[in-house]
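2 protein chains.
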Amino acid sequence: MVYELYYWPGVQGRGEFVRLAMEEGGARYRDVARESGKGAGIQGMMRLLNDLETPPFAPPILRAGRLLIGQTANILQFLGPRLKIAPNTEAGRLWTHQLQLTIADFLVEIHDTHHPVAGSLYYEDQKKEARRRAADFVNNRMPKYLGYFEKVLAQHVSGERYMLGAKFTYVDLSIFQVIAGLHYAFPNATRKAARKYPRIFALHTRIQERPRIAAYLASPRRIPFNNDGIFRHYPELDAG
Amino acid sequence: MVYELYYWPGVQGRGEFVRLAMEEGGARYRDVARESGKGAGIQGMMRLLNDLETPPFAPPILRAGRLLIGQTANILQFLGPRLKIAPNTEAGRLWTHQLQLTIADFLVEIHDTHHPVAGSLYYEDQKKEARRRAADFVNNRMPKYLGYFEKVLAQHVSGERYMLGAKFTYVDLSIFQVIAGLHYAFPNATRKAARKYPRIFALHTRIQERPRIAAYLASPRRIPFNNDGIFRHYPELDAG
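As you go down the protein sequences, you meet chains W and P in turn. Be aware that the first sequence starts at 1, since it is given in our numbering, and climbs by one per residue. Be aware that the second sequence starts at 1001, since it is given in our numbering, and climbs by one per residue.
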């Protein structure tokens, strides 16, 4: 099976959570919207939005044989067991997915720091609102989410290595990506957070050093962070 | 099995999507945070947030035997097959869940019309920003989501009765709730939308008339809409 990922070329965005899972899981996949040719590129991706059976609302989209799957957390839930980066029990899978959905909520809030009024408007047209929203994010929301994930890591009796204790899952990859993105977008706030939530930052480092992830991060397949994605660096939003 | 739902008493909020599923599915359940006594009320709910194995980030929370499940869409995915309001195939379940996650995204945007800066601030303290965000919502985002759901309904060869065609699922209940909420929050914009997206509004009516849903809506178990929930009516945000 060769998986086909469709996501906006040029940004990591939500597609990156799927890429990290496929890289770590050793999946064979194509990053189709970054290719050129028939059925590829942005055009190929846009065509999927008009699929006649299960049209996705938005990228990322995964094609797996005859299945067309949308919504990042849904894609990860599907891939998890197939790539052996999810627990085997129903209870374990529900919990993993629950954590992933909480990360998804966090991502919306991270994105909305620079676009609190409308995704369709430029940042410059909502800069004043962004300052207010980002201040609340840095002071209240970011500590709330990071504190939550730190608590989950801290309370495992089976050890603090991964979000599920001893068991490595795709949620660990997503936590890595969130911390990497926060470092890019809010370097000051994140440096402070690293002292307050040491476990979650240690997890980030541990994931970064996994051989497949390290190789991926050093490859041209990894798109660098930039100010078109979810995580954007505007120094004026990083004051706290 | 008696399910236990924990959600903020006094608002429909995200808990309502779980209630509708349990009501239609004929589940035996307790709405524990609305009860009083030991382990009940808000206090009982807050204690679950410190569960030592799988602490949820926020309500709604469902206790099902030994399982403690958070995240609305995750709860519905769990309940769906058990209450026979989900498809039997993996492909069907992925698609149902995908639609539910898109509804979840829509809900965040609906909520943020009145709280674009911070959930912790009063509406009055972000009224100006709310006006801008609500205008974009009514003119761009609401049509985008409703147009999407209308398209999904319209393209079924097996008939347009439900979001999955001939098969009724928990997603239909959630669509009902969203349309009901939009009617409350944005009566003007929603009246106009009803003409443009007739199928989705017909679905709302069809669900409202299901015997178990009609009985539930007429019961004291259904909390009325009010300005503490996701859907809030501020006439100044309904101009478009």
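It is worth saying that the hints were derived from the structure and are not from the lab. Warning: the hint list may mix true and false statements.
[Said to hold, decoys possible] DSSO-like cross-link-like pairs, simulated, lysine-lysine; straight-line CA separation at most 30 Å:
{"id": "1", "chain 1": "W", "residue 1": "127", "chain 2": "W", "residue 2": "84"}
{"id": "2", "chain 1": "W", "residue 1": "128", "chain 2": "W", "residue 2": "38"}
{"id": "3", "chain 1": "P", "residue 1": "1128", "chain 2": "P", "residue 2": "1038"}
{"id": "4", "chain 1": "W", "residue 1": "128", "chain 2": "W", "residue 2": "151"}
{"id": "5", "chain 1": "W", "residue 1": "127", "chain 2": "P", "residue 2": "1084"}
{"id": "6", "chain 1": "P", "residue 1": "1167", "chain 2": "W", "residue 2": "144"}
{"id": "7", "chain 1": "W", "residue 1": "127", "chain 2": "W", "residue 2": "144"}
{"id": "8", "chain 1": "W", "residue 1": "84", "chain 2": "P", "residue 2": "1084"}
{"id": "9", "chain 1": "W", "residue 1": "167", "chain 2": "W", "residue 2": "84"}
{"id": "10", "chain 1": "W", "residue 1": "128", "chain 2": "W", "residue 2": "192"}
{"id": "11", "chain 1": "W", "residue 1": "128", "chain 2": "W", "residue 2": "84"}
{"id": "12", "chain 1": "P", "residue 1": "1128", "chain 2": "P", "residue 2": "1144"}
{"id": "13", "chain 1": "P", "residue 1": "1127", "chain 2": "P", "residue 2": "1151"}
{"id": "14", "chain 1": "P", "residue 1": "1167", "chain 2": "W", "residue 2": "127"}
{"id": "15", "chain 1": "P", "residue 1": "1192", "chain 2": "P", "residue 2": "1127"}
{"id": "16", "chain 1": "W", "residue 1": "151", "chain 2": "P", "residue 2": "1128"}
{"id": "17", "chain 1": "W", "residue 1": "127", "chain 2": "P", "residue 2": "1128"}
{"id": "18", "chain 1": "P", "residue 1": "1144", "chain 2": "W", "residue 2": "128"}
{"id": "19", "chain 1": "W", "residue 1": "38", "chain 2": "P", "residue 2": "1128"}
{"id": "20", "chain 1": "P", "residue 1": "1128", "chain 2": "P", "residue 2": "1084"}
{"id": "21", "chain 1": "W", "residue 1": "144", "chain 2": "P", "residue 2": "1151"}
{"id": "22", "chain 1": "W", "residue 1": "196", "chain 2": "W", "residue 2": "151"}
{"id": "23", "chain 1": "P", "residue 1": "1127", "chain 2": "W", "residue 2": "128"}
{"id": "24", "chain 1": "W", "residue 1": "128", "chain 2": "P", "residue 2": "1128"}
{"id": "25", "chain 1": "P", "residue 1": "1192", "chain 2": "W", "residue 2": "144"}
{"id": "26", "chain 1": "W", "residue 1": "38", "chain 2": "P", "residue 2": "1144"}
- prompt: Are residue 1127/P and residue 128/W close enough, with their CA atoms no more than 30 Å apart?
  reply: 14 Å, holds
message: Check the hint pairing residue 127/W with residue 1128/P against an upper bound of 30 Å on the C-alpha distance.
response: 14 Å, holds
- prompt: If you draw a straight line from the CA of residue 1144/P to the CA of residue 128/W, is it 30 Å or shorter?
  reply: With a Cα-Cα distance of about 26 Å, the restraint between residue 1144/P and residue 128/W holds, given a limit of 30 Å.
message: Next pair to validate is residue 128/W with residue 192/W; report whether the Cα-Cα distance is within 30 Å.
response: This hinted pair holds, its Cα atoms lying about 24 Å apart.
message: For a C-alpha distance cap of 30 Å, please report whether residue 1127/P and residue 1151/P respect it.
response: At roughly 34 Å apart (the allowed maximum being 30 Å), residue 1151/P and residue 1127/P break the hint.
task: For the pair supplied as a hint, residue 128/W and residue 84/W, confirm whether the alpha-carbon distance does not exceed 30 Å.
output: With a Cα-Cα distance of about 45 Å, the restraint between residue 128/W and residue 84/W is violated, given a limit of 30 Å.
task: Starting from residue 38/W, check that the Cα of residue 1144/P is at most 30 Å away, please.
output: 28 Å, holds
query: Would the pair residue 128/W and residue 38/W pass a check requiring their Cα atoms to be no farther apart than 30 Å?
result: Outside the cut-off at roughly 43 Å; violated.
field: Agreement of residue 1128/P and residue 1038/P with the hint, judged by alpha carbon distance not exceeding 30 Å
entry: 43 Å, violated
query: Given the proposed pairing of residue 1128/P with residue 1084/P, does the C-alpha separation stay at or below 30 Å?
result: Roughly 45 Å separates the two Cα atoms, so the pair is violated.
query: Between residue 38/W and residue 1128/P, does the CA-CA distance stay at or below 30 Å?
result: Violated, at roughly 47 Å.
task: Below or equal to 30 Å on CA atoms is what counts here, so check residue 144/W against residue 1151/P.
output: Cα-Cα ~38 Å, so violated.
Checked against the numbered hints given earlier, the structure breaks hints 1, 2, 3, 4, 5, 6, 11, 13, 14, 16, 19, 20, 21, 25 and satisfies all the rest.
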